[in-house]
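2 protein chains.
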Amino acid sequence: MDSRRPEWAPKDAGNEYASRVVGGIKSTTGSVSQAYRAHHDRRYDPNALIEGVKAANRSLLSKAITLIESNSNKHFELGQELLKKLLPLSGKSIRIGITGVPGAGKSTFIEKFGLWLIDKGFRVAVLAIDPSSSISKGSILGDKTRMEGLSRNPNSFIRPSPSSGILGGVARKTRESIILCEAAGYDVIIIETVGVGQSETTVRSMVDFFLVMQIAGAGDELQGIKKGIIELADMIVVNKADGDNILRAEQAKQEFNNALHYLRHTTSSWQTKALTCSAITGDGIDTIWQEIEAYRLAAMQSGAFQDRRMRQNLEWFEALISESVLNQFYNNRYIKEALPQLKQRVQQGALPVAMAVAELLGRDSQPE
Amino acid sequence: MDSRRPEWAPKDAGNEYASRVVGGIKSTTGSVSQAYRAHHDRRYDPNALIEGVKAANRSLLSKAITLIESNSNKHFELGQELLKKLLPLSGKSIRIGITGVPGAGKSTFIEKFGLWLIDKGFRVAVLAIDPSSSISKGSILGDKTRMEGLSRNPNSFIRPSPSSGILGGVARKTRESIILCEAAGYDVIIIETVGVGQSETTVRSMVDFFLVMQIAGAGDELQGIKKGIIELADMIVVNKADGDNILRAEQAKQEFNNALHYLRHTTSSWQTKALTCSAITGDGIDTIWQEIEAYRLAAMQSGAFQDRRMRQNLEWFEALISESVLNQFYNNRYIKEALPQLKQRVQQGALPVAMAVAELLGRDSQPE
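Taken in order, these protein sequences are the chains called A and B. Sequential numbering from 7 applies to the first sequence in the working numbering. Sequential numbering from 7 applies to the second sequence in the working numbering.
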């Protein structure tokens, strides 16, 4: 396995944004029997896992996700085979991304919202993307204590961020976990993230609907707008609209609605709105779900819903190709040798850029 | 020469956004004598061109740019050698990008602004980026008739967009033309573009200062904001603030300043402002230049000016590497053969994305 910074990594970031890319596996589909594999890793019996996921067995779903999250090459192949078999069963949920600064009350909201949905007859899965967990060694979902009611409910499934915590890798694993959860029959998939680095953009690229959670009186209500996150939103929810805070929350909502007037819509034919809610009392949660349902209906009718999913799949495919190809290129030892000096000369203005590229590609074509 | 859609091309665009990439030229610097080259193309005598550019001979500067714009491999090498020699003389100008919808009065403004700058003792070069010129077969600068006074002035240099009109190629050529104009001693380089496709982003990536020209009463003053162009701006100028229109222009300016409050700054430590001007009467042009000077001073002191230039160079280098490497990859005949079917299967949800990529890269590593 090789790692390389993906294009969305901040320029000054370190290796925490390196993406793991599995390179150069020959297509051996079918050439290695499943019995042979199972023999070599009895923990993962493909047929048992497939049947377990189909039957919505939470412990086997968990095991299947663990297989997907493994970084070993053998598990990669096994996991991909599993995915291939389960793909036809996926795609029927609504995928909702939720972000917000720490303290906005995301966990409390998801607990309340999830239980409300289950009460209406839905089955709810919660996945997390948390690039900071590799540093803090703790997932934002912690030990599920913050979603106690939801985690105990048989119609929910909660899974913290993969512990490796490298955003590119986490993103792949989360996308694949969505597929498994859908195959297990979950109707609403919630992807939670915190506002760290590029994690919002990553979540936006894998969900149908993106909800940005805010609170009033946190100093600068419009902070999110300046950071460009609001432009990704299909809905802004001002949480903690309860008790003394109701008026301030309403004011913040109004401010967001004014600001949204100036911004592009995230989804064509859908006007992003700001709403208020209280994750404590549950006020506003019904309206939020009505709006999400209205969104799904409008986006399905206009075709924007299906278009986005198809585009997300193709973009993911193309991004992974680019990443893998460039990874191979930059790991070529001639390139590794030549690049630093060329970069320096380009930066100093001693070498025209196009000439530097021609020199680099000429070198690449030499035999290794 | 091979062509491929660069990453910034709209998804539904055709070949008009294909970038030309010169691939696989071995580093032959010094191995072919200049005398030999000159013998083979008497139109381009490198020494005469270098001396001519240095002496600010406009006709030889024009010829040097024509060499740069040539798509032939021989001219590419010759042009890059020329650039290499002139690079040390470049970099001392301020590079100003100007965009605006057709009818905003860009040409009239540049004529007035350019002559005003020359009157203050500056030398002014105007280059254009116009991806639409390949379709309309006419540059936005036309036959220079719209900048008659400026084009006749010995201290100006006006160069329309390269006629090939492919944005990626135009961008490379314009970047290189900037270097030549700077080596010829022009103090202010203006890059003009119209709001077509991604041309604003392209211009933003090669200038120090980006000016977005608007007019009042064109229906929707905030159109530019919705299209995300305002976020690239270091200054918004509401033009045609003359006669009956002064009040409306002032109102539009106010609206822009309100909206700017909600947006991220383009340059750190610089607050983007809206101003008014009249390209007819010249009112406001002195203030615009004062602001640009204030910007340069602030950005130089904070280091943002130098940082941006260095970053632009490196980003250009990296973008050109990626483009060339991916171009080679996608032109591999095994990839060409395998990709459409894999894409279809990924899109239909029949094949996991990571498995498709592994299959593709496995195939790529087979001998051709």
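No lab work stands behind these hints: they were computed from the structure. Owing to the predicted nature of the structure, the values given are computational and were not obtained by experimental measurement. Treat the hints loosely; a few may be bogus.
As the list claims (entries may be wrong) - In silico BS3-like pairs for lysine-lysine, Cα to Cα no more than 27 Å straight-line:
#	chain 1	residue 1	chain 2	residue 2
1	A	Lys349	B	Lys90
2	B	Lys342	A	Lys90
3	B	Lys90	A	Lys342
4	B	Lys342	A	Lys98
Status of each hint after checking the structure:
1. Between Lys349 (chain A) and Lys90 (chain B) the CA atoms are separated by roughly 15 Å; this keeps the pair inside 27 Å, and the hint holds.
2. The straight-line distance between the Cα atoms of Lys342 (chain B) and Lys90 (chain A) is roughly 23 Å, inside the 27 Å bound, and the hint therefore holds.
3. For the hint pairing Lys90 (chain B) with Lys342 (chain A), the CA-to-CA distance comes to about 23 Å; that is within 27 Å, so the pair holds.
4. For the suggested pair Lys342 (chain B) and Lys98 (chain A), the alpha carbons sit about 32 Å apart, so the restraint of at most 27 Å is broken.
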